[in-house]
Amino acid sequence: MYCLKLTIQPTAAMTFRILPGSILNIATYPFVPPTTLSGFLRRLGMMSVGLELPETRVNNADPPIYVLPPRYLALGAYPTVGTWSGVHRTYRKGMREFNHDSFSRLYQDENKANFQLHTWEYFIAEELEGYVIAEFAEGLEHFQDLEGYGCKFGKEGFAIVTEVSEVFKLERQTVEAHPSTLLPMEALLNSGQFVGGCDIYNLYRYQWTGNIQTNSDQAGFLDQTPTAADGFVPFVAAYFPKETSHLPELDYYTNKEINIPVALVNLLRGEVHA
Amino acid sequence: MATGLPEDKKNPRLHFDIYAILEGSQELYFGHEVQVNVNLVEIVKLSTKDGKSLEKCYISPTKRRGVERRCLIWAPVKSGVLLGDQQKCGIPETCALPTCPICATYGGLIAGKKTLIGRVTHGGGVAVQDLYPVEKQRAMHPAILSNDMTKKEEKPTPFKREYNQPGLLYPIYDHALSVTDMEFASVAYAFLDALPRIGSGNPKGIAIAEADDNMPLLVVDRYLVPRGKRPIISPSVTNPERAIQDFIRLARTPEANTNHIQSSHFERWIGDAALEKLQEYSSNFVDNVLQA
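The listed protein sequences derive, respectively, from chains A and B. Mapping of the first sequence onto our numbering: residues 45 to 318, in sequence order. Mapping of the second sequence onto our numbering: residues 41 to 332, in sequence order.
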């Protein structure tokens with residue numbers, strides 16, 4: 045497998061909303077989910093060839109999805125070891141209804157107090173490391189052109205790709221290692237190991253339609269074609285925010301430094317159902 | 041149309057960024073929550089994976105965005121009305137028209153019917169210095185001069201309020217993607233107009249900080265292809281001198297001796313040149329939208 049490491053510098057507090065969730069408590073993942081990274085990189089790809097950003101329509105209008113084609117799997121982005129990050133939990137007055145303008149009125153004859161109090165979480169990070177993996181090296185060089193570009197990131201937030209590594213090769217090995225990305229819970233449970241030190245999250249992946257292998261290394265990436273995905277499938281994953289002493293022994297694509305669980309790659313491709 | 045936006049061949053769309061370091065000129069209040077008789081400000085807590093932690097004051101980008109949008113809604117139009125009344129565009133009921141000088145950049149929503157995605161994003165806001173807010177005693181005084189102290193409701197109600205201390209530096213960023221020069225004019229107007237209105241209650245107002253040689257710490261980029269380096273200060277930096285030096289060094293990469301960098305599909309204005317450029321956009325907004 046061939047891999048790229050992207051160094052991402054957020055310029056704003058970010059919200060990657062945990063779903064399903066409550067309307068009043070907006071919670072964020074303390075990392076970038078694979079789906080969000082995929083959509084972010086697709087938009088940067090479109091910007092890098094001078095295309096305009098696609099608009100997304102209201103949900104019930106079944107808007108097209110613009111993400112990386114399944115040829116390039118975005119595996120999420122995580123705070124770089126040794127850098128600062130945190131989840132900032134705060135309060136926001138939201139509107140209960142949208143058919144009034146009392147929030148912008150300078151003169152209010154009767155105050156209907158038409159707001160509801162939200163708790164809102166923001167993920168603030170100094171630097172993130174994201175990964176893109178592919179079976180073939182061809183085409184990964186296009187990601188180098190994304191350096192310097194920035195775009196909206198998450199429900200709230202903005203980030204810039206400051207550095208894209210050279211393409212490097214990963215070998216499949218069964219080792220005891222700290223996963224560099226999320227680890228599907230299914231793989232951890234099936235391995236029968238007792239592992240602590242991880243947080244467990246509910247996430248989503250894309251449901252691909254049709255054949256996920258394409259011959260072109262630019263189609264669905266550096267053009268305006270919507271992605272052949274027709275929805276989302278939930279899965280449960282473990283995230284290891286800190287170094288732990290009991291590491292899981294699993295199948296990884298690894299170069300000893302970066303350890304990508306094979307189970308995550310298979311899952312995001314839609315080859316297993318977890 | 042993949043973007044859903046109307047085509048405008050005369051006004052091509054570009055990307056714009058505003059980078060600045062703001063300085064609190066006096067105490068500022070950015071509410072977080074009210075505990076019993078204490079109003080707290082928003083504090084950001086950051087930590088590293090090896091357990092170090094840091095707490096800092098914060099100007100939330102969402103609050104800046106809210107002030108900027110209201111600056112546009114309340115902007116006076118030649119006919120004597122305010123811009124929001126002229127456009128029938130308020131909060132949360134927006135007009136969501138791509139031609140509206142407010143919604144075009146800040147976005148609009150008619151729930152379940154129409155969405156216009158905002159193309160300006162606000163960022164930064166984590167203070168440089170890790171100076172803790174200071175709690176002050178405040179009281180709501182009744183406005184009577186001669187007081188009958190037997191009436192309970194006329195006695196002042198004391199409470200405490202935290203304030204971000206003056207002199208704090210806040211690196212902030214505004215990013216506008218795929219907007220025309222005309223549309224960016226409303227962002228420039230809102231950015232400049234919002235500065236004296238930042239902060240809840242009184243006092244209000246924040247200034248663009250200056251370097252030792254009186255250069256405003258402000259950078260404006262207009263581009264299709266990003267070049268050089270973006271003057272972004274990490275929320276982990278606590279030394280104000282280092283923050284200012286880094287900001288200037290990054291802004292002046294790769295050309296150190298000019299306040300106007302020009303290369304293919306990229307233009308950058310630094311310091312006074314950036315302020316003049318923003319003011320030029322802002323006065324275009326006044327001429328073409330407010331006074332038209």
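Think of the hints as simulated: they come from the structure by calculation, not from any bench. Treat the numbers as computed from the prediction; the structure is a model and nothing was measured. Check each hint, because a few of them may be wrong.
Distance windows between CB atoms, simulated [claimed, not checked]:
hint	chain 1	residue 1	chain 2	residue 2	range
1	A	150	B	178	22 to 28 Å
2	A	315	B	316	55 to 61 Å
3	A	289	B	94	36 to 42 Å
4	B	298	A	289	50 to 56 Å
5	A	234	B	172	34 to 40 Å
6	A	64	B	178	40 to 46 Å
Pulled a few chain A residues facing chain B out of the computed Cβ check, cut under 8 Å [what the hints assert, rightly or not]:
hint	residue
7	132
8	170
9	202
10	279
11	310
From the three backbone atoms N, C-alpha and C, an ideal C-beta is built for every residue, glycine too.
Tested hints:
Range check, residue 150 of chain A to residue 178 of chain B: about 25 Å between beta-carbon atoms, so the 22 to 28 Å window is met. For the pair residue 315 of chain A and residue 316 of chain B, the beta carbons lie near 57 Å from each other, so the given range of 55 to 61 Å is met. Remark: the range hint 36 to 42 Å for residue 289 of chain A to residue 94 of chain B is contradicted by a beta-carbon distance near 27 Å. Between residue 298 of chain B and residue 289 of chain A, the C-beta spacing of about 54 Å keeps the proposed range 50 to 56 Å intact.
The hinted range of 34 to 40 Å is not satisfied by residue 234 of chain A and residue 172 of chain B, whose Cβ atoms lie roughly 49 Å apart. At roughly 42 Å, the beta carbons of residue 64 of chain A and residue 178 of chain B sit within the given window of 40 to 46 Å. The closest approach between the C-beta of residue 132 of chain A and any C-beta of chain B is roughly 5 Å, which is under the 8 Å cut-off, so the hint is satisfied. With a cut of 8 Å, the hint placing residue 170 of chain A at the interface with chain B holds, because the nearest CB-to-CB distance is about 5 Å.
For residue 202 of chain A, the shortest C-beta to C-beta distance to chain B is roughly 4 Å, which falls under 8 Å, so the interface hint holds. Contact between residue 279 of chain A and chain B, as hinted, is not supported at the beta carbon level, the nearest pair being about 25 Å apart and thus beyond 8 Å. Among the interface hints, the one on residue 310 of chain A is violated; its C-beta lies about 28 Å from the nearest C-beta in chain B, farther than the 8 Å criterion.
Checked against the numbered hints above, the structure breaks hints 3, 5, 10 and 11 and satisfies the rest.
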